[in-house]
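Modelling step: build the complete structure from the supplied sequences, incorporating the hints.
Protein chains: 2
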Amino acid sequence: MKLVLAGAQHFHMYHLLDYVQETGKAVFAGVYDDDRNVLQEISDKYGVPKYDDLDEMLQTCQPDVVACFAKPSTRGKVIAKCLGAGVSVLADKPPVLNLEELHDLKKVVSGMSGPKFTVLLSERYNPPVRTLKRIVDDGEIGDIVNFTAFRPHKMKKSERPDWFFRRQDYGGILVDLAIHDVDIFHWITGRKILEVTAHAGNFTVPEYPEFEDNGQIIFRADGGVTGLIKVDWLAPSAHPTHGDCRYFITGTKGTIEVKTGGDIGTTGGTITVCTETKPPYSVTLDRVESDLYGDFFAAIKDNAEPAISMKDVFEAMQVVLAARDAADDNCIISLE
Amino acid sequence: MKLVLAGAQHFHMYHLLDYVQETGKAVFAGVYDDDRNVLQEISDKYGVPKYDDLDEMLQTCQPDVVACFAKPSTRGKVIAKCLGAGVSVLADKPPVLNLEELHDLKKVVSGMSGPKFTVLLSERYNPPVRTLKRIVDDGEIGDIVNFTAFRPHKMKKSERPDWFFRRQDYGGILVDLAIHDVDIFHWITGRKILEVTAHAGNFTVPEYPEFEDNGQIIFRADGGVTGLIKVDWLAPSAHPTHGDCRYFITGTKGTIEVKTGGDIGTTGGTITVCTETKPPYSVTLDRVESDLYGDFFAAIKDNAEPAISMKDVFEAMQVVLAARDAADDNCIISLE
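Going down the list, the protein sequences come from chains A and B. Here numbering that gives the first Met the number 0 is used: position 181 in the first sequence is 180, and no number is missing along the way. Here numbering that gives the first Met the number 0 is used: position 194 in the second sequence is 193, and no number is missing along the way.
These aren't lab readings, by the way, just hints derived from the structure by calculation. Among the clues, some could well be false.
One copy or two, it doesn't matter: identical chains are merged, so the pair holds either way.
[What the hints assert, rightly or not] Okay, derived cross-link-like pairs now, DSBU-like style, lysine-lysine, Cα gap no bigger than 35 Å in a straight line:
#1 K105 - K300
#2 K153 - K258
#3 K155 - K277
#4 K155 - K132
#5 K258 - K156
#6 K24 - K300
#7 K44 - K191
#8 K155 - K252
#9 K277 - K156
#10 K132 - K191
#11 K44 - K80
#12 K49 - K132
#13 K252 - K156
#14 K252 - K132
#15 K106 - K252
Spelled out as structure tokens, the structure:
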């Protein structure tokens, strides 16, 4: 499996590149970015050829898979170009920043069966989230009534690139962070979100008035299931993880609280379940035998749909884009 | 202090009556209810005269204070009548069930300076909530950005009267339960809620289709502060308290999580704070020297405004009634 990097603007890429080096499951064969400093840094660090032209890299390297960690505002185009060229793509989230880009991407992949596409919705492989899904699937808490997610992250202001603070380049907090929780809701419940309302605001970064350090979404899904998602860049610096992320699931026969830890590669987490017959008890986390990257490489080899499918990605994107619009326009948006 | 009971339909009344007996801070002098069985039961249990006419009780007993635990749908009229007769009233929440009753009550008290009125918003005296307010007031977490409240309670279906399951008599879950959290938000932050959206639904009581076993509110307050409130009657029977109620406060400089326990008179609870400089630490709960009943009796004696003022009660009612309408009509309601 030959892998190249198209855009190297988010630290999430190190997790993948280190994985590739450690497991040998792919060969890192080239890097493209339009920022010469970034390009030089990655090229030096991993000893791979650098390209300042995407087409040239695709043609020269003939990769099996492109990993896209481009600036969010350029991701959509990069992904569409790679998929259009018949190469599979693993992209950081969010893969696009607006409905137009989403539409363009859908057009590119329409009817396509060769190249595979997935997005780094890493919570799907987080042991506490995996365990949560298993407990829900086991019927332990009955039917799901409400799904609440908290996703606070540390801002680490001084380490962030300029684009992080600009709406046009970054896309906004609801699109960047809430996509995880929307996807997990869809995955855990099998329900489709039908309607969203949201807010976003900025309390701590006055020098970038477009930036949002906090946001919240309320939604209604099919079957009358409801949910709340709270995201922010206000996790206190002293917190031991990247943020005290949680899920709270209310079922007809019990409740589950999940502490998931912070970000990609975070270990730890806890699950507490309470039911009609059992007072709160902790559940040992399931071992997760597979991983997102390995599963995706296997899907490419097997010409199979990735575990986090295009449909999953597009549905989650649709919801977070609607949430951002709802916050901007202060309205309820229907997705039916 | 002579106290009578006008309406004896909610078990919260036992907390007050026991308090009165134990402390001797008031003399329980009579009970009125339109249900003869209920009347007989309380009269026998506490050895007080029973009345099936409210006016007759007021005239005969000449009370200093009326405690109103009438069926929610009749509370508004009972409270208005007592206040109109110049007698102070301590009512269970919610004191009214619609805007018309709220308007009528406001009209009765307009310009009134003698009789006092308060509502059993008991969380104000709950040690963890009191401690939360002190920590916020101390500036430990900076300015408040987001306020999230969970209020799950046990349904105890077999112990509930019929009216509990009918919207017309009960008022709905958002009005009954969320009033606590709206009031605590106002109290903790000093912010006014300007806009609400909400949902409510019923998963577990199909025989009463009007009943709601769960609800959620999203709101925006002045200064751009936002919040989420989740309420339900789905706390698992096996949970050690009446429900795992929580507050999560996100500030510009830290976060606070509060576990408050279940209902009036619940003891226990915990507070965890995390700031920019201190990893998560537990705070010893403040001792609460005063209590809601004692403070209210003192306010009557001193002709002073009760700690939970009429204005506080009316503002919280306005928000929860708007939330119920927002849920019913699937819209955003402005309170500006």
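Evaluated hints:
no.: 1; hint: K105 - K300; verdict: within (23 Å within a copy, 72 Å between copies)
no.: 2; hint: K153 - K258; verdict: both (16 Å within a copy, 24 Å between copies)
no.: 3; hint: K155 - K277; verdict: between (41 Å within a copy, 16 Å between copies)
no.: 4; hint: K155 - K132; verdict: both (31 Å within a copy, 28 Å between copies)
no.: 5; hint: K258 - K156; verdict: both (25 Å within a copy, 31 Å between copies)
no.: 6; hint: K24 - K300; verdict: within (12 Å within a copy, 79 Å between copies)
no.: 7; hint: K44 - K191; verdict: neither (43 Å within a copy, 53 Å between copies)
no.: 8; hint: K155 - K252; verdict: between (40 Å within a copy, 13 Å between copies)
no.: 9; hint: K277 - K156; verdict: between (44 Å within a copy, 19 Å between copies)
no.: 10; hint: K132 - K191; verdict: within (16 Å within a copy, 39 Å between copies)
no.: 11; hint: K44 - K80; verdict: within (26 Å within a copy, 80 Å between copies)
no.: 12; hint: K49 - K132; verdict: neither (41 Å within a copy, 56 Å between copies)
no.: 13; hint: K252 - K156; verdict: between (43 Å within a copy, 14 Å between copies)
no.: 14; hint: K252 - K132; verdict: both (16 Å within a copy, 34 Å between copies)
no.: 15; hint: K106 - K252; verdict: neither (43 Å within a copy, 45 Å between copies)
Checked against the numbered hints given earlier, this structure breaks hints 7, 12 and 15; the rest are met.
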